[in-house]
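Could you put together the complete structure from these sequences and hints?
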Amino acid sequence: MRKVRSVAGDSVNLLLYRETGRSDDAAEDALWKLNPTLAEYGPVLPAGVWVVLPELDVKPAVIKAASAWD
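The sequence shown begins at 1 in full-length UniProt numbering and counts up by one.
Hints are not guaranteed to be accurate.
Unchecked claim - Per label pair, the in silico range of CB-to-CB distance:
id	residue 1	residue 2	range
1	Val4	Lys64	28 to 34 Å
2	Ala68	Ala8	41 to 47 Å
3	Gly42	Ser67	39 to 45 Å
4	Ala65	Gly42	37 to 43 Å
5	Asp29	Trp69	30 to 36 Å
6	Gly9	Val52	19 to 25 Å
7	Gly42	Glu19	17 to 23 Å
8	Ala65	Val4	32 to 38 Å
Keep in mind that the hints were calculated from the coordinates and are not lab data. Even glycine gets a Cβ: it sits at the ideal position worked out from N, Cα and C.
This is the structure in structure tokens:
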């Protein structure tokens, strides 16, 4: 696991996506389990908050083809 510091204006989802490339439900659940006190900061984190990142498998983005009938 690695630790990163937040930048002023970061939300938890933005920080998670920037550092891991994922912000899906499984990644977010893993992050909240490792950092249960992050909710105390509210929706926007102040600068300099240490956040422990979960070790995640890299999942390729699934691209669904669109059709005229969707």
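Hint by hint, here is what the structure shows:
1. Val4 to Lys64: 28 to 34 Å: holds, 32 Å
2. Ala68 to Ala8: 41 to 47 Å: Cβ of Ala68 to Cβ of Ala8: about 45 Å, so the range 41 to 47 Å holds.
3. Gly42 to Ser67: 39 to 45 Å: holds, 42 Å
4. Ala65 to Gly42: 37 to 43 Å: Once the Cβ atoms are compared, 40 Å apart, the range 37 to 43 Å for Gly42 and Ala65 holds.
5. Asp29 to Trp69: 30 to 36 Å: For Asp29 and Trp69 the Cβ distance comes to about 34 Å; the hint holds.
6. Gly9 to Val52: 19 to 25 Å: holds, 20 Å
7. Gly42 to Glu19: 17 to 23 Å: holds, 20 Å
8. Ala65 to Val4: 32 to 38 Å: Since the Cβ atoms of Ala65 and Val4 sit about 36 Å apart, the hinted range of 32 to 38 Å holds.
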